[in-house]
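One-letter residues, chain by chain:
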Amino acid sequence: MVRKLPRKDVVIIGLGWTGSIMAYELADAGLDVIAIERGPWRNTATDYPPGYAADELRYRIRHELFLSPSQTTFTFRNKMSQTALPIRSWGAFMPPNGVGGGGVHWNAETWRFLPSDFVLKTHLTERYGASFLPEDMTIQDWGVTYDELEPHYDRFEYLCGTSGQAGNIKGTIMEGGNPFEGPRSRPYPNPPQDQPFSHTLFGKAARDLGYKPFPQPSGNMSRPYQNPLGVRLGPCTYCGFCEWFGCGNYSKASPQTTILPVLVRKPNFSARDNSEVVRIDLDSSGKRAAGVTFVDAAGEEWEQPADLVVLSAYTIFNVQLLLLSGIGKAYDPAANTGVIGRNFTHQTTSDVVSFFDPAKFVFNPFIASGAIGMCIDEFNGDNFDHGPHGFVGGGYVGQVQTNGRPIETTPVPEGTPLWGAQWKKAVKENYQSALKPGTGVHGSMYSYRDVYVDLDPTYKDRFNRPLARITMDFHDNEIKQNKFLTDKFAEIFQAMGAKHVQKEYRKAPYDITKYQTTHLCGGAIMGSDPNTSALNRYLQSWDVPNLFVMGASAFPQNAGYNPTGTVAALAYWAADAIRSKYLKNPGQLINA
Amino acid sequence: MRRSAKLALAALTLAAGVGEATSAGLQDFAAVERGRYLANAADCGSCHTVPGSDHPFSGGRPIETPFGVLVSPNITPDRETGIGAWSDEEFEAAVRNGRRRDGKRLYPAMPFPYFARMTPQDVKDVRAYLSTIEPLRNPVSANHLPFPLNERMAMAVWDKLYFAPGTFKEEPSKSKQWNRGAYLVQGAGHCGACHTPKTFLGGDETSEPLQGYTLQGWVAPDITSGQGPLAQWSAEDLAQYLKAGHNRFAAAAGLMSEVVELSTSKLSDDDVKAMAVYLKDVSGPKSAADSSADARVLTAGGAIYQDLCSACHKPDGTGVPNLIPDLTQAATVNTGDPTTVLRVILQGAQSVATDREPTGPAMPAFGWQLNDAQVAAVATYVRNHWGKAPPVSEDAVRKQRAALDARTN
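Chains as they are written, first to last, in our numbering: chain A, 239 to 830; chain B, 3 to 411.
Treat each hint with caution, since some may be false.
Residues on chain A that point at chain B, a partial pick, calculated with CB under 8 Å [stated by the list, open to error]:
| # | residue |
| --- | --- |
| 1 | T475 |
| 2 | G486 |
| 3 | P543 |
| 4 | P571 |
| 5 | A573 |
Here are a few chain A residues that sit away from chain B, every Cβ distance over 10 Å (derived from the structure) [claimed, not checked]:
| # | residue |
| --- | --- |
| 6 | E294 |
| 7 | P462 |
| 8 | L467 |
| 9 | R470 |
| 10 | N487 |
| 11 | R503 |
| 12 | P644 |
Okay, derived cross-link-like pairs now, EDC-like style, lysine to aspartate or glutamate, Cα gap no bigger than 20 Å in a straight line [as the list claims (entries may be wrong)]:
| # | chain 1 | residue 1 | chain 2 | residue 2 |
| --- | --- | --- | --- | --- |
| 13 | A | K504 | B | E263 |
| 14 | A | K504 | B | D272 |
| 15 | A | K504 | B | E207 |
| 16 | A | K504 | B | E260 |
| 17 | A | K741 | A | D595 |
| 18 | B | K316 | A | D595 |
No lab work stands behind these hints, which were simulated from the structure alone. Ideal placement from N, C-alpha and C gives every residue a C-beta, glycine not left out.
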């Protein structure tokens with residue numbers, strides 16, 4: 239029997255970055271807010287204590303902080319003609335789990351997208367003509383502009399204590415920052431972190447080649463910081479255990495270290511952990527959300543009625559929950575109709591592993607933090623003329639070496655045996671003098687008609703609901719883009735004095751077993767037209783106006799940056815719209 | 003408007019079952035407000051509420067004493083199991099003289115020797131506030147003490163030895179601020195209940211006020227101004243600690259985190275400043291004698307420190323202001339008794355979160371990872387490398403580990 243809980247003003251599905259931001263903003267507006275989180279509660283000191291948090295086997299290899307595929311998984315195929323099969327071990331991306339979500343295990347690379355990224359279709363069409371774009375590419379404008387999001391990017395950076403060097407303050411280009419970034423209203427709250435040797439060397443080589451290198455904006459603290467909510471963070475120790483790991487030092491921005499301590503003190507906020515929302519309930523009209531139904535750890539089903547529903551789970555779960563709840567029309571790639579599941583994208587990353595003379599270069603690669611590195615942005619977005627190259631999109635490239643952890647950071651030259659004495663000898667010779675950037679080439683992936691998410695016809699989850707099915711492959715545009723960026727990246731390592739540079743291009747078909755990033759995007763995208771987007775510019779569902787959907791699922795295509803800054807800025811933007819517009823007149827904010 | 007509000011309040015107090023109460027103060031907004039503030043200053047809620055309970059002041063919380071466990075009574079206005087049927091005079095007799103309504107004596111776990119310093123009016127105002135609390139029927143079985151301590155008659159002897167009735171006397175030579183601080187520290191705040199050394203009968207060592215004591219598995223350090231652990235703290239540091247639970251040196255954890263959360267963080271800035279000004283003027287003993295720790299132990303402790311502690315507390319022990327305690331200046335580190343240091347290393351500790359400092363950082367446990375010799379070494383290092391606190395023996399760690407294993411809190 240389903241038991242009904244007392245009505246709340248707001249129910250939030252998922253307590254990661256966006257769930258925490260929305261919960262704080264809406265509780266601060268005086269609403270009674272409950273958050274429901276599938277995974278466990280997580281605290282900084284007790285759940286990732288410095289005594290054992292730096293355990294690569296436990297966290298990186300065995301995925302302790304992530305969702306277990308035995309709890310739920312997805313099916314995958316490259317082409318619509320294939321049969322999708324379940325993913326049984328995480329490969330290309332890692333679905334987060336627990337309070338804090340991806341904000342616990344991220345590297346804290348805190349980027350803003352380019353102004354042109356938000357008007358991508360218009361911008362590229364104007365510059366290159368519509369015929370320059372591949373026929374099956376389905377990129378769109380976002381319906382929101384950089385200038386509108388700027389104050390919200392700023393809020394997130396000050397929440398996190400982001401360490402960085404501004405490149406453009408109100409239109410004035412700043413020495414040492416990223417000259418391509420959109421104008422920002424003020425500098426970062428903290429100076430950049432100190433750069434280790436290899437990162438510094440990369441910056442110098444890039445400068446010698448005529449580029450404008452800059453330190454990557456980082457949610458790892460360069461100094462002690464107290465954020466505007468009064469929460470404190472401590473200085474980073476450069477231990478190199480950020481990505482896949484929780485930070486037990488209070489040094490990495492996460493919901494735990496920035497928002498939750500204040501949120502949990504609010505009497506009008508409550509949370510339920512270890513509880514999985516199984517559907518968003520609609521009222522009899524089908525046009526309003528009535529609340530959600532969730533199942534707790536005891537297997538009991540509960541109904542939580544609410545006036546406002548905020549869906550803030552991980553990208554693909556947002557899409558899946560909309561499909562399972564019958565909200566919005568499911569995307570049909572054959573007929574090219576429907577919106578839920580459309581414009582699903584991921585990332586196009588690649589590596590350049592470089593080997594230097596051990597007698598001359600000792601890099602100490604283990605001295606690192608999650609977002610430490612020197613980058614260049616010359617080949618991102620539309621910062622360069624794509625005309626001669628025959629592709630669109632791009633990415634930043636950088637010596638962003640986040641760790642020297644012993645299991646995975648053992649680069650050896652091509653041709654070395656994969657195990658045994660020869661391999662050990664090569665690891666020993668090269669460990670201190672080889673460079674293996676985390677995501678050296680961090681490229682965009684634009685959207686296509688045949689890349690999408692729908693419900694699997696065969697495989698079901700533990701609640702007998704269809705699994706989400708991913709249909710995804712790389713198209714020529716992304717392959718060309720990646721080759722171009724990887725070659726440019728390799729030139730910088732050569733200029734640093736590498737004796738051997740090993741390029742590892744991203745190739746088709748898309749490989750679900752090889753990790754790229756956890757940056758799945760799209761599937762419930764924002765836009766100006768209900769026929770081609772699931773959400774309006776305020777992330778409000780076109781179909782169910784008391785439902786707002788957070789996260790990278792709203793990205794119409796992926797840009798060449800890590801998404802968290804934009805995900806968080808959109809959450810603040812949506813929260814602002816709810817507070818200043820929706821609460822006064824709860825209904826559709828945009829008439830289309 | 004005023005009339006209707008007054009009527010509503012009267013109805014509420016009637017419903018609360020205090021119709022018998024004689025004082026006009028019970029319906030006086032100003033008295034209730036003062037009473038609420040003073041009840042916070044006296045930290046009544048801490049002992050008289052089961053932690054986490056939705057029923058404040060309804061009693062039932064076990065209070066650990068050196069002689070056994072006492073259970074706090076219900077002080078809601080319930081007429082049968084609380085204090086609803088008490089007169090103001092009976093309430094004052096209990097709070098300021100340690101006499102129950104039936105004339106029997108209270109155990110000094112109820113800090114009436116301190117509350118005696120409160121003015122009768124302040125106590126009456128506390129009563130006025132308590133009369134507004136929702137009454138809850140909750141019969142409490144008072145104590146679990148062994149014979150002869152369960153005989154309240156024995157308390158007559160104790161009172162004779164350790165209880166000095168009489169109100170707070172102003173010190174005319176001192177400032178108004180100093181006197182306010184003294185009143186709060188000696189009276190409602192009952193700081194000495196934890197921080198003053200006790201005799202074998204549990205009475206205050208009146209010759210050593212506020213010079214530190216160990217209870218319920220925590221050190222309540224010397225908080226005098228002497229050359230002790232607070233020597234480097236300014237009055238501002240002390241006030242900030244009381245208000246926020248954190249300052250540039252230390253973070254409140256354990257019993258003190260409860261005091262900060264329920265009491266001192268709710269006091270006005272002026273009052274915590276006054277308490278600090280007074281405490282800075284209480285003279286104390288010289289620091290602990292210089293101690294010589296074994297060089298090999300210090301080397302081993304230093305290595306453990308660099309591996310496990312330095313990431314947060316920094317290689318030089320200074321920590322991060324208001325976030326990670328400064329081990330070179332934290333009172334519970336540089337004190338004779340290593341109880342707190344060992345407890346925190348073995349078990350970890352959660353510091354208090356307050357409105358002013360909401361972070362509430364915690365330290366993880368290391369007891370699972372370090373053996374007794376290693377804990378002794380690192381504890382000796384942090385106490386001796388920057389300070390002069392005596393070394394910690396392996397045996398002391400073994401005993402503390404066993405004691406913590408047996409504890410439920």
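Each hint, compared with the structure:
{"no.": "1", "hint": "T475", "result": "holds (5 Å)"}
{"no.": "2", "hint": "G486", "result": "holds (7 Å)"}
{"no.": "3", "hint": "P543", "result": "violated (23 Å)"}
{"no.": "4", "hint": "P571", "result": "violated (48 Å)"}
{"no.": "5", "hint": "A573", "result": "violated (52 Å)"}
{"no.": "6", "hint": "E294", "result": "holds (17 Å)"}
{"no.": "7", "hint": "P462", "result": "violated (5 Å)"}
{"no.": "8", "hint": "L467", "result": "violated (7 Å)"}
{"no.": "9", "hint": "R470", "result": "violated (4 Å)"}
{"no.": "10", "hint": "N487", "result": "violated (5 Å)"}
{"no.": "11", "hint": "R503", "result": "violated (6 Å)"}
{"no.": "12", "hint": "P644", "result": "holds (17 Å)"}
{"no.": "13", "hint": "A:K504 x B:E263", "result": "holds (15 Å)"}
{"no.": "14", "hint": "A:K504 x B:D272", "result": "violated (26 Å)"}
{"no.": "15", "hint": "A:K504 x B:E207", "result": "violated (43 Å)"}
{"no.": "16", "hint": "A:K504 x B:E260", "result": "holds (19 Å)"}
{"no.": "17", "hint": "A:K741 x A:D595", "result": "holds (18 Å)"}
{"no.": "18", "hint": "B:K316 x A:D595", "result": "violated (34 Å)"}
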